[in-house]
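Undergrad: Residue numbers (my numbering), protein chains in the order written: chain G, -18 to 151; chain R, -16 to 207; chain D, 156 to 414.
Be aware that a few hints might be false.
To give a feel for the contact side, a few chain R residues facing chain G, derived at Cβ under 7 Å [unchecked claim]: (1) S59; (2) A70; (3) L207.
Cβ-Cβ distance ranges computed for the label pairs, FRET-style [said to hold, decoys possible]: (4) R:E144 - D:K325: 21 to 31 Å; (5) G:G88 - D:K325: 26 to 36 Å; (6) R:T65 - D:V178: 48 to 58 Å; (7) D:E184 - R:I(-2): 26 to 36 Å; (8) R:A169 - D:H370: 39 to 49 Å; (9) D:G271 - R:R94: 46 to 56 Å; (10) D:V209 - R:P150: 45 to 55 Å; (11) R:T158 - G:V52: 37 to 47 Å; (12) G:R136 - R:T65: 49 to 59 Å; (13) D:S254 - R:T165: 14 to 24 Å.
Calculated directly from the structure, the hints in this document are not laboratory data. Yeah, the Cβ is synthetic: ideal placement off N, Cα and C, and Gly gets one too.
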Amino acid sequence: MSDEKRDISRRQFLNYTLTGVGGFMAAGLLISPVRMAIDPVLKSGEGGDFANVGLEVSEITSDPQRVDWTVDQVDGWYESEVNQTAWVYRNDDDEIVAFSPVCKHLGCFVSWEGNDDYPEEYFCPCHNGRYYKNGVNVPGTPPLQPLDVYEQEERDGMLFLGNIRPHEEA
Amino acid sequence: MLQKIYDWIDDRIDITPIWRDIADHEVPEHVNPAHHFSAFVYCFGGLTFFVVVIQILSGMFLTMYYVPDIENAWQSVYYLQTEVAHAQIVRGMHHWGASVVVVMLLLHTLRVFFQGAYKKPRELNWMVGVLIFFVILGLGFTGYLLPWDNKAYFATQVGLEIAEQVPFIGEALKTLLAGDATIVGAQTLTRFFAIHVFFLPGALFALLAIHFILIRRQGISGPL
Amino acid sequence: MHKGKGMKFVGDSRITAERTSKVPKDYSEYPGRTEAFWPNFLLKEWLAGAVFLVGFLCLVLAHPSPLEGMADPTDAAYIPLPDWYFLFLYELLKYQFASGNWIILGILVIPGIGFGALFLAPFLDNGPGRRPRHRPIAVGMMLLGLASVIWLTYTSAAPVDWEERAEQNKPIPPGESIVDESHPGFAAYETSCLSCHGGELEGGAGPALVGGNEHTKEEIMDIAVNGIGSMPADQFQGTDEELEQLADFIIETNEAAAE
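Only chain G is shown next, with the shape it has when bound in the complex (with noise of 0.2 Å):
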């Protein structure tokens, strides 16, 4: 039975051997498809430029007023012009803060005072969340995170947006 044995052990190294083909030729088959399928995982986000709203900052009262300005977006190889909004206030320290008026429950529109049973308050239509003028949510309303806010500049007196970032107090 010696030669049943060795028998076994020569079929074992050809299914390694077999293996081992097999993957160099799957690795040389996948390595550049994957590579292009993962390209923008990899690709280094660029930091968004800041864009004029075309709003002078002396404008801007404790009341939130909304903004609406384009940025151009690229988009791979299209590339278009983009709507954004942001409700600008100006804070008890006296600070500019513009809020991203996407709801952090499911993504809807939240509008300063946007029902009348709510003064004083952000509120979305669509689940009736709620946010004090902060951006902090109202507990117990859907949303469970504050307002995300925008990066701002101030240029020439004009208020300029950037990137999107969450609500850092909460």
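Given chain G, put chains R and D in place with the hints provided.
TA: Just chains R and D, lined up with the frame of chain G:
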């Protein structure tokens, strides 16, 4: 560990006979290049299949970036060629694979022809093989248009005009292929894309399955 | 293997409780040096496949896939060419007996006979002999067909200057137009020259105006008014000032393109 997982599955659904069916067949001496070097001609069929696999894989990945639309098709191909890492290689694999598959298919066909391997009882498999040849040529013709560059556009226009010359059904045939009676444009591109990516590959899979099943049933043709 | 009554199953399923051997059959009793497909022969096939793959990837890396400029249906000067494996059909249609009144011969009858015979080869060549010398007609027809396809492909491809073709049809990167549309001469170019020389001066019915310009400003002004070669006279009809701006525009665009 792997052995245990395998045994666990095999206990329940008895998969060993399934792969044994594929793995267990004898390879006669006359097709084995280890014994007769000239037997390398028997490799052409397998290599054709290998290139088809390359084509399927690279094509699947290319559709992640490609759009079949006359405004954006060329833009998206240009974008993936210039901006996406390794995408030029993937497109190169698909581009050159299309040529290599025709060459390999031709060599395989000539091998079978000059050995007379299509004779009784293998007539059916020869005809299936010729149909595969036609499907591959169809894939080449429809795929040529997709990058929507000048070369693609004008070659397709010529192809469609040839189709139009066919008596009686010519104009209907051209409209069927182009999606419009006069314009080679947006509707042509989507049609060619659908044919290239869904219809012909579907036909190709079915024909390849028949081709391989027939080979296994009949065995490889004997030595001359 | 156990069959019929007394067969054991896994639980209440239809799976037999008896295991199939994982050791391949022994083919040593077969005539000649027969061997098992798995794993002996498959390994050889895969080694050949791996070598083939390396060669193929080298080809891919050495020759990036070409891409010409975006399709422009108005480009009347473009000479279409199909992919190489359709060249023989394309060339066939240039012959007199396969075009004009005989077009049906060229597009249906001749290819139909060729491919039809290929498809039905087992029935046309139905003798018992398999060796080529036992079936001279079939083999002769195949060699004839093969030779004519190769010949047609060759005559179609040989006169083409592939490198020049690729050079002429290079893609223009989007958003990198060399034409300054705010130049005072652009309006004159647009009305008088663009329809033949193209929006990017890349040529069309007329030759390209960028790359290798040999004319001076005065010569350009003269050509615009009096024509040159096959270009007719009086293409430009405007004031002398506009003519001068036009020549400036062409020269400056050439300078911009050269950078």
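Undergrad: If a hint holds in the structure, say so; if it doesn't, say that too.
TA: Here is what the structure says about each hint:
1. S59: OK, holds: R:S59 within 7 Å of chain G, min 5 Å.
2. A70: 5 Å, holds
3. L207: It is violated, given that the least Cβ distance between R:L207 and chain G is near 30 Å, above 7 Å.
4. R:E144 - D:K325: 21 to 31 Å: 27 Å, holds
5. G:G88 - D:K325: 26 to 36 Å: Violated, at about 44 Å.
6. R:T65 - D:V178: 48 to 58 Å: 54 Å, holds
7. D:E184 - R:I(-2): 26 to 36 Å: Distance hint for D:E184, R:I(-2) holds at roughly 28 Å.
8. R:A169 - D:H370: 39 to 49 Å: 41 Å, holds
9. D:G271 - R:R94: 46 to 56 Å: 21 Å, violated
10. D:V209 - R:P150: 45 to 55 Å: 50 Å, holds
11. R:T158 - G:V52: 37 to 47 Å: 44 Å Cβ-Cβ, so the 37 to 47 Å window holds.
12. G:R136 - R:T65: 49 to 59 Å: 34 Å, violated
13. D:S254 - R:T165: 14 to 24 Å: 23 Å Cβ-Cβ, so the 14 to 24 Å window holds.
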